[in-house]
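*Asks:* Here is what each chain is made of, one letter per residue.
Number of protein chains: 2
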Amino acid sequence: MKNYINMSKKELIEEKEKVMHEYQKFKSLGLKLDMSRGKPSKEQVNLSMDMLDVINSKSDCISQDGIDCRNYGILEGLREIRKLFSDMMGVNEDDIIIGGNSSLNMMFDVISCFMTHEISGEKPWLKQEKIKFLCPSPGYDRHFAICEYFGMELIPIKMNSDGPDMNKVENLVENDITVKGIWCVPKYSNPQGIVYSDEVIKRLSSLKPKAKDFRIFWDNAYCVHDLEESVEILNIMDECVKNGNEELPILFSSTSKITFPGAGISALACRGNNMDILKKRFSMQTIGYDKINQLRHIRYLKNLDNLKLHMLKHRNILKPKFELVISKLRKEFEENEIIKWDTPKGGYFVSVYVMNGCAKEVVRLCKEAGVIITNAGATYPYGKDPFDSNIRLAPSYPDIKELDKAMDLFMICVKLAALNKLIESNV
Amino acid sequence: MKNYINMSKKELIEEKEKVMHEYQKFKSLGLKLDMSRGKPSKEQVNLSMDMLDVINSKSDCISQDGIDCRNYGILEGLREIRKLFSDMMGVNEDDIIIGGNSSLNMMFDVISCFMTHEISGEKPWLKQEKIKFLCPSPGYDRHFAICEYFGMELIPIKMNSDGPDMNKVENLVENDITVKGIWCVPKYSNPQGIVYSDEVIKRLSSLKPKAKDFRIFWDNAYCVHDLEESVEILNIMDECVKNGNEELPILFSSTSKITFPGAGISALACRGNNMDILKKRFSMQTIGYDKINQLRHIRYLKNLDNLKLHMLKHRNILKPKFELVISKLRKEFEENEIIKWDTPKGGYFVSVYVMNGCAKEVVRLCKEAGVIITNAGATYPYGKDPFDSNIRLAPSYPDIKELDKAMDLFMICVKLAALNKLIESNV
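Protein sequence lines, in the order shown, are assigned to chains R and G.
Numbering-wise, our numbering puts 199 at position 211 of the first sequence, and it's gapless, one number per residue.
Numbering-wise, our numbering puts 323 at position 335 of the second sequence, and it's gapless, one number per residue.
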């Protein structure tokens, strides 16, 4: 495979003809595939079917503490499910609040709470002149969307191979009083699969924010979602406590990609004033979350060791898909510099960088031929990738044959967009 | 039974001695009973146990529209569960959003949304100088608590036998631009069991609010929770539409007291700008609610007719408890004017009025002898009953023997508090 970058205009035009021919062939297939969202596959949700039997009409539905889970109450969640999350998240049981079916909803609730209520004695964010939020980018579109919804200014932060650019973060957090938060997906980040280094976590936990109401939103969505041997990251809460910063982090996690997406259990963890404020809010907003589903989860998952065995089954399904994507990219583009990619060790995505100015066009071409890919730009604040280069591939949902086909098309589109760009600029 | 009101001081003192003796006897029993919250009993939650079998490891988990309920998506809820709620709430399917396990949470979310975002082109409530909320009283403490949490001024509105005092409501809503909402539990109100009359509903639906962002919060919590033949109330949405007021009402309901409290399904219904604003918010806060539980509910409850048959079973359990409470009150106090009560035809409460200035004392006396009753005042804004007279009894949770005992104690405490008051004022 030749490197397009070094081709003459004539060669580029000839190559385009060939690639266009392949593209047209694909278009005629009438594909309908989706690589857009980090959705577990049918095979993966099948793994947890037995969980639907552990609570049935013959069950006692009584928790460890003797609570009838079929009735109101127990706002903070069953003790035994708090224990499981405390093990998974590396925090004390007392620092855990169990939520509903969505950790995203808990993140939204926390931000919504801070918009209308004081934290650390500071005015509610809605009553402050300006609120800025740091968004390591590329990142998770739904994180950014929450901030945008509440009218904050989103500040993109460059992601390095070991986490967000900490020089930039420190500079902003420690000097700008309007900077109130940062989004972090510390392990197998969405979309790059980056694992935060010890140094990055140490620097985050020892921040000296200018704003007393600055918080780290630590969305550990993929904490047990390994594709290879598990990677351990530093414990953010422990590090923060060491530095007298116990109120800095708010941690989130869920079983969405462990059992059933949308029918799982979520949790947050925090300390001190955060906990007081959030418990107050949750006590106003509900009498309690779904304890039957909490009981179902704990009786099925049992404990962290057993949960990790369950995650191995997910890994066995996911790994061949990720390997396929990476090996196809490698084979096709090893010597062709029109695309770069990250090779994740966990999580749900493969992040690629096509030639600057080509990402939207690649997504459009794919769509026209029946393959849906996450919108280009979606991984950046306001949906705007300054280089129009990053594309998030989500290989989990399609089966491996479909994925193979979708990748073939994707690679053709990458080439086609690059060829157009190169021909155009090569006048 | 003599009427304490007409007794001489000597007679009162003699009577007190007798009643005190009975009270002491009760105290020595070491009771531990709870009549404080509208919680279904164990017998009632047992009614829905078969629901726990309808989704199991052999189930397809596929909705009517072909959606795999074990995966992400479908923010507004499954079509078939929306249909059920639309039948139950008397609105179009398109006007329904299905929520999580708690309609209280949906009410909180709506108010939280209006605090931070524009409705009908008006500034977010948090950015307005002052926000007042009308609170028909006695009413539901958790409604009032939400408003208090957000710093609103709560305006108590007298409840008449057919609903809130509409002269007062019209006067305030139509002349005061800071009045932004009213709480309504239109059928079997909490705690009085009052059913709103056609006239009250017509007047509510034809309000001409001074504030464009005034809304009616219509919590139809007990719409199918009859203790006798079902009472039909006017359809608030239809009436509002007739009056060009389709954006006035936001309706709420849930299956909490139909299947499992805390593990049920909630819904809201609204139109126009309300729907746009709330859909936007919900789309930011979650990818979707628990569809497996939605599927479980619809496969078990099937349709409104079947749901009503299910409610008959609840009625058969609840009715003897309510009859016991009322018959005991009648027997003991028919001629003794120290207490009055409402006789509900549905819902979860019996509301009583003890002598002014006695409610707190009655609750305290009960507590001291081991029976927990809803805090006196809880049914009023800020927890302050201006007459210290209303007490909410919740007969659903204890079994009938316990209830019988708890009522005996309660009646003794009512007498004791009244005797003290009368002796004191009869110097």
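No lab work stands behind these hints, which were simulated from the structure alone.
Be aware that one or more of the hints could be misleading.
In silico lysine to aspartate or glutamate, DMTMM-like type, Cα no more than 25 Å apart, as pairs [as the list claims (entries may be wrong)]: (1) K290/G <-> D41/R; (2) K389/R <-> D41/R; (3) K120/R <-> E106/G; (4) K46/R <-> D48/G.
*Asks:* Could you run down the list of hints and mark each one as holding or not?
*Replies:* Hints, verified against the model:
| no. | hint | in the structure |
| --- | --- | --- |
| 1 | K290/G <-> D41/R | 21 Å, holds |
| 2 | K389/R <-> D41/R | 32 Å, violated |
| 3 | K120/R <-> E106/G | 21 Å, holds |
| 4 | K46/R <-> D48/G | 21 Å, holds |
In the structure shown, a violation is registered for the earlier hint numbered 2 alone.
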